[in-house]
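In order, the protein sequence lines correspond to chains B and E.
Under the working numbering, think of the first position of the first sequence as 1, with each following residue one higher.
Under the working numbering, think of the first position of the second sequence as 1, with each following residue one higher.
Please keep in mind that the hints were generated in silico from the structure rather than gathered at the bench.
Just to be clear, a hint being listed does not mean it is correct.
Same chains, same label: a pair holds when it works inside one copy or across any pair of copies.
[Stated by the list, open to error] Subject to a maximum C-alpha distance of 20 angstroms in a straight line, what follows is the list of computed EDC-like cross-link-like pairs (lysine to aspartate or glutamate): (1) Lys238 - Asp310; (2) Lys216 - Glu360; (3) Lys134 - Asp49; (4) Lys292 - Asp37; (5) Lys238 - Glu97; (6) Lys216 - Glu282; (7) Lys238 - Asp101; (8) Lys292 - Asp49; (9) Lys216 - Glu97; (10) Lys238 - Glu279; (11) Lys158 - Glu215; (12) Lys335 - Asp49; (13) Lys158 - Asp310; (14) Lys335 - Glu282; (15) Lys158 - Asp207; (16) Lys216 - Glu46.
There are 2 protein chains.
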Amino acid sequence: MSTERPLSDRVLMGPGPCNPYPEAVAALGRPMLGHLDPEFVQILDETCDRLRTVFRTTNPRTVPISGTGSAGMEAAFVNLVGPGDVVVVGVNGLFGERMCDVATRCGADVVRVDAPWGQSLDPAALLAAHPSPKVIAVVHAETSTGVRNDVEELGAGKGDALLLVDAVTSLGGIPLEIDAWGVDVAYSGTQKCLGVAPGLAPLTLNDRAWARRVEKPQSWYLDLGMIGEYAGTSGARKYHHTAPISMVFSLHAGLGALLAEGLEAAWQRHESCGRALHEGLERLGLELFAEKGHRLPELTTVVIPDGVDDVAVRRTLLERHGIEIGGGVGPLAGKVWRIGCMGHTARPRNVTLLLAALGEVIG
Amino acid sequence: MSTERPLSDRVLMGPGPCNPYPEAVAALGRPMLGHLDPEFVQILDETCDRLRTVFRTTNPRTVPISGTGSAGMEAAFVNLVGPGDVVVVGVNGLFGERMCDVATRCGADVVRVDAPWGQSLDPAALLAAHPSPKVIAVVHAETSTGVRNDVEELGAGKGDALLLVDAVTSLGGIPLEIDAWGVDVAYSGTQKCLGVAPGLAPLTLNDRAWARRVEKPQSWYLDLGMIGEYAGTSGARKYHHTAPISMVFSLHAGLGALLAEGLEAAWQRHESCGRALHEGLERLGLELFAEKGHRLPELTTVVIPDGVDDVAVRRTLLERHGIEIGGGVGPLAGKVWRIGCMGHTARPRNVTLLLAALGEVIG
Numbered sequence: 001m002s003t004e005r006p007l008s009d010r011v012l013m014g015p016g017p018c019n020p021y022p023e024a025v026a027a028l029g030r031p032m033l034g035h036l037d038p039e040f041v042q043i044l045d046e047t048c049d050r051l052r053t054v055f056r057t058t059n060p061r062t063v064p065i066s067g068t069g070s071a072g073m074e075a076a077f078v079n080l081v082g083p084g085d086v087v088v089v090g091v092n093g094l095f096g097e098r099m100c101d102v103a104t105r106c107g108a109d110v111v112r113v114d115a116p117w118g119q120s121l122d123p124a125a126l127l128a129a130h131p132s133p134k135v136i137a138v139v140h141a142e143t144s145t146g147v148r149n150d151v152e153e154l155g156a157g158k159g160d161a162l163l164l165v166d167a168v169t170s171l172g173g174i175p176l177e178i179d180a181w182g183v184d185v186a187y188s189g190t191q192k193c194l195g196v197a198p199g200l201a202p203l204t205l206n207d208r209a210w211a212r213r214v215e216k217p218q219s220w221y222l223d224l225g226m227i228g229e230y231a232g233t234s235g236a237r238k239y240h241h242t243a244p245i246s247m248v249f250s251l252h253a254g255l256g257a258l259l260a261e262g263l264e265a266a267w268q269r270h271e272s273c274g275r276a277l278h279e280g281l282e283r284l285g286l287e288l289f290a291e292k293g294h295r296l297p298e299l300t301t302v303v304i305p306d307g308v309d310d311v312a313v314r315r316t317l318l319e320r321h322g323i324e325i326g327g328g329v330g331p332l333a334g335k336v337w338r339i340g341c342m343g344h345t346a347r348p349r350n351v352t353l354l355l356a357a358l359g360e361v362i363g
Numbered sequence: 001m002s003t004e005r006p007l008s009d010r011v012l013m014g015p016g017p018c019n020p021y022p023e024a025v026a027a028l029g030r031p032m033l034g035h036l037d038p039e040f041v042q043i044l045d046e047t048c049d050r051l052r053t054v055f056r057t058t059n060p061r062t063v064p065i066s067g068t069g070s071a072g073m074e075a076a077f078v079n080l081v082g083p084g085d086v087v088v089v090g091v092n093g094l095f096g097e098r099m100c101d102v103a104t105r106c107g108a109d110v111v112r113v114d115a116p117w118g119q120s121l122d123p124a125a126l127l128a129a130h131p132s133p134k135v136i137a138v139v140h141a142e143t144s145t146g147v148r149n150d151v152e153e154l155g156a157g158k159g160d161a162l163l164l165v166d167a168v169t170s171l172g173g174i175p176l177e178i179d180a181w182g183v184d185v186a187y188s189g190t191q192k193c194l195g196v197a198p199g200l201a202p203l204t205l206n207d208r209a210w211a212r213r214v215e216k217p218q219s220w221y222l223d224l225g226m227i228g229e230y231a232g233t234s235g236a237r238k239y240h241h242t243a244p245i246s247m248v249f250s251l252h253a254g255l256g257a258l259l260a261e262g263l264e265a266a267w268q269r270h271e272s273c274g275r276a277l278h279e280g281l282e283r284l285g286l287e288l289f290a291e292k293g294h295r296l297p298e299l300t301t302v303v304i305p306d307g308v309d310d311v312a313v314r315r316t317l318l319e320r321h322g323i324e325i326g327g328g329v330g331p332l333a334g335k336v337w338r339i340g341c342m343g344h345t346a347r348p349r350n351v352t353l354l355l356a357a358l359g360e361v362i363g
C-alpha cells in the first residue's frame with residue numbers, strides 16, 4: 001500500500017495548485033453532510049455570498065460549479081453560445097486558444113483576435129473585430145504567459161455584446177470588478193489565488209446574460225438553469241447532481257480566511273510578493289518574459305537563460321528543496337519558467353526561499 | 001464566521017453521500033501536490049489500477065472523471081453518441097430519465113423502453129427495441145427506486161451495440177463484472193458504495209467502444225481522448241485540466257481500504273447489511289417498495305404508511321439522532337423513503353441504530 005510511503009510537503013510555486021490556506025485544508029475533513037441537509041445548504045448559501053464579495057457583484061447567479069476551472073469555462077460557453085452565434089475571442093496564450101476550442105464545440109462562429117504570447121491584447125482590436133458579436137471573450141490573467149489583459153475597456157465598449165471573462169488566475173489575486181466593469185459572465189478556479197484545492201469553478205452570471213442564455217444547453221451537467229434550481233438562485237432546492245460536499249466545505253473556509261484578511265489586503269499581498277519576486281529575479285540576472293505594465297504579480301514568466309537545462313533546474317528544485325515551479329507550455333515549452341505566488345503561497349517567506357534556491361541552483 | 005458553529009456528525013443513510021471511510025477522510029488533508037508532480041502521477045496511476053480491480057476490467061481507459069457521477073454519465077454519452085445515433089435507454093426511474101435527457105442533448109435518436117418505477121427492466125424488451133442501435137443504455141442500480149436492473153443478459157445479447165451502464169450506486173456494493181458481462185462503458189460516483197466524498201466519477205471504457213467514439217465530442221472538459229493524454233492511457237502526460245488533487249488522494253485511499261477488505265467481502269457486507277435492514281423494516285410492519293428479487297441491498301425503498309408524516313419523520317431522525325434518510329423523488333415523492341447503507345455506512349451497527357430509531361419515531 002502506497003500509504004506507507006512518506007508524504008512530501010511541497011512549496012507550490014508553479015501555475016497552480018498553490019498551497020491552500022490551512023483553514024481550507026482543515027475544512028476538507030469536516031464531517032460529511034448530505035447535499036440537502038439544512039446545515040449544508042446554509043454553508044452553500046454562505047459560500048455563494050462570499051463568492052459575490054470576491055467577484056464584487058450582486059449577481060444572484062453566483063455558484064461554485066462542480067468541476068475544475070475548465071469546467072467553469074465550458075459552463076460559461078454552453079449556457080450562452082449556440083450554433084451560429086458570433087464569438088470574438090482574444091488569443092494571446094493557451095487559455096485563449098482553449099476558449100476557441102470550447103466555443104467551436106458549441107457551434108459558434110469564432111472570430112479570433114490574436115496577440116503574440118507575452119504581449120497583452122489590444123481592447124480596441126477586440127471591440128472592432130466584428131460589428132455585432134453575441135459574446136466577446138477574454139482571459140483576464142493568462143496562466144501560460146503571465147500577462148494581464150485589460151478587461152475594463154471591454155466592458156465600457158462592448159455595446160450589445162456579452163462580456164465573458166476567464167478569471168481563473170485573477171480572482172482574489174488582482175483587482176477584478178464584475179459589476180463595475182460590466183462583466184456579464186466570469187468563472188474562476190479554486191486552486192489559484194483563492195488558496196483552496198482544485199476541484200470547483202466559481203462562476204457568476206448577470207441578468208443581462210441570463211436573458212440571452214441558451215434555453216437547453218448541450219451540457220446537462222453544466223446547465224445553469226438546473227444548477228440554479230438546486231443552488232437556490234431560483235428560491236427552490238431541487239436536486240440536480242450531488243454537490244462535491246467536502247470541496248464546498250473547503251471553499252467556504254478558504255474564502256472565510258481570505259475575507260477575514262480582506263479582499264483588498266489580499267490583492268496587496270499578491271502585488272507586493274509579485275513585485276519582490278520580479279525584482280529579485282532581475283537581480284539574479286534573469287529576464288522577465290511578459291510585457292512590462294501587464295505583468296501578473298501572481299504568475300511570473302521568466303526566460304530560461306541560454307545554456308541552462310530547464311528540466312534539470314526544475315527537478316533539482318523539487319528534489320532538493322521540495323519547491324515546484326512550472327515549465328512553459330505550447331510555444332514556450334523549454335523557453336520560460338512559470339513561477340506562481342498565489343493564495344497561501346503568496347507570502348514573503350516563499351519569495352525569499354525561491355530566490356535563494358533558484359540562485360543556488362542556477363548560480 | 002460560521003466556523004464557530006458546532007459541526008454535526010451525521011449517520012448518512014440517505015441515497016448518498018454515505019459516511020466515507022476514515023482512510024478516505026484522512027487522505028483529503030494530505031499535503032497538496034502539483035498535478036504533474038511525479039508523486040501525484042504515481043498516486044493517480046495507482047488509483048486507476050485500483051479502479052480496474054473494482055470494475056473487474058483490464059481496460060486501459062479507466063480514469064476518475066473530474067466531476068460527480070452525473071459528469072460520468074455525460075462523459076459516457078458525449079464520447080459515444082453524436083447526432084442521429086440510435087440509443088436504446090431503459091427507463092424505470094429518475095436516472096434512466098436523465099440518460100434520455102443527456103442523450104437527447106447529444107442529438108441522439110432515443111428509443112425508450114419503460115418499466116414502472118419499482119419494477120426491473122425486461123432485458124429482452126431492451127434487446128428487441130431496435131434492430132441496430134449504436135448504444136443500449138441501462139442503470140444498474142436505480143437510486144430513485146432501489147431496483148437492480150439485469151446487465152449480464154444485455155451484454156450477452158447486445159450484438160453490434162455498445163452496452164453503456166450507470167454503475168453509480170452499484171460499484172463496490174453489488175457484483176458488477178465489466179469484462180465478463182461485456183459492458184463497453186460504465187461510470188460510477190465516489191460517494192456511494194466506494195465510501196468516498198462526492199466529487200469524482202470513475203469511468204471505464206473498452207477498446208470496442210473507443211473504436212466507435214465521437215472524434216471531437218461536444219464537451220471539451222469531458223473529452224476522453226484529451227483526458228487520456230493526461231491520465232496516461234496513451235503513455236503521455238499532457239496537461240488537459242488541473243486534476244482535483246485532494247479528491248484523487250481520497251479516492252486512492254478509499255479504494256485502498258476497500259481492497260484491503262477485499263471486493264467480494266465488501267459485496268458480502270453490503271448484502272448482509274441490506275438483508276438485515278429489509279427484514280428489520282418488515283418486522284416494523286413496513287412494506288418494501290422495490291420488486292422482490294431485484295431489491296438492492298445498498299439502497300432500500302420503503303412505503304411510507306398511511307397517516308405517517310414523511311417530512312416530520314425525517315426531520316425527527318435528523319434532529320434527534322443525526323440520522324439522514326432520503327425522501328422519494330419524482331412520482332415517489334411523499335410515497336417512499338430511501339434508506340442507504342453504502343460504503344462505510346454499511347455496518348451492522350448502523351442497521352441496528354436505524355431500525356431502533358425509526359421504530360421509536362413511527363412507533
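Evaluation of the provided hints:
1. Lys238 - Asp310: Between copies only: 17 angstroms across chains, 51 angstroms inside a chain, cut-off 20 angstroms.
2. Lys216 - Glu360: neither (56 angstroms within a copy, 46 angstroms between copies)
3. Lys134 - Asp49: Intra 29 angstroms, inter 45 angstroms, cutoff 20 angstroms: neither.
4. Lys292 - Asp37: neither (50 angstroms within a copy, 31 angstroms between copies)
5. Lys238 - Glu97: between (36 angstroms within a copy, 16 angstroms between copies)
6. Lys216 - Glu282: neither (52 angstroms within a copy, 44 angstroms between copies)
7. Lys238 - Asp101: Between copies, since 17 angstroms is at most 20 angstroms while 32 angstroms is not.
8. Lys292 - Asp49: neither (35 angstroms within a copy, 47 angstroms between copies)
9. Lys216 - Glu97: between (25 angstroms within a copy, 16 angstroms between copies)
10. Lys238 - Glu279: Result: close neither inside a copy nor across copies, 52 angstroms intra and 32 angstroms inter.
11. Lys158 - Glu215: Classified as neither; 23 angstroms inside a copy, 35 angstroms across copies.
12. Lys335 - Asp49: Answer is neither: 41 angstroms inside a copy and 35 angstroms across each miss the 20 angstroms cutoff.
13. Lys158 - Asp310: Close neither inside one copy (42 angstroms) nor across copies (52 angstroms); limit 20 angstroms.
14. Lys335 - Glu282: Answer is within: at 17 angstroms inside a copy they meet the 20 angstroms cutoff, but 70 angstroms across does not.
15. Lys158 - Asp207: within (16 angstroms within a copy, 48 angstroms between copies)
16. Lys216 - Glu46: neither (28 angstroms within a copy, 38 angstroms between copies)
Hint check: violations occur at hints 2, 3, 4, 6, 8, 10, 11, 12, 13 and 16; the rest are consistent with the structure.
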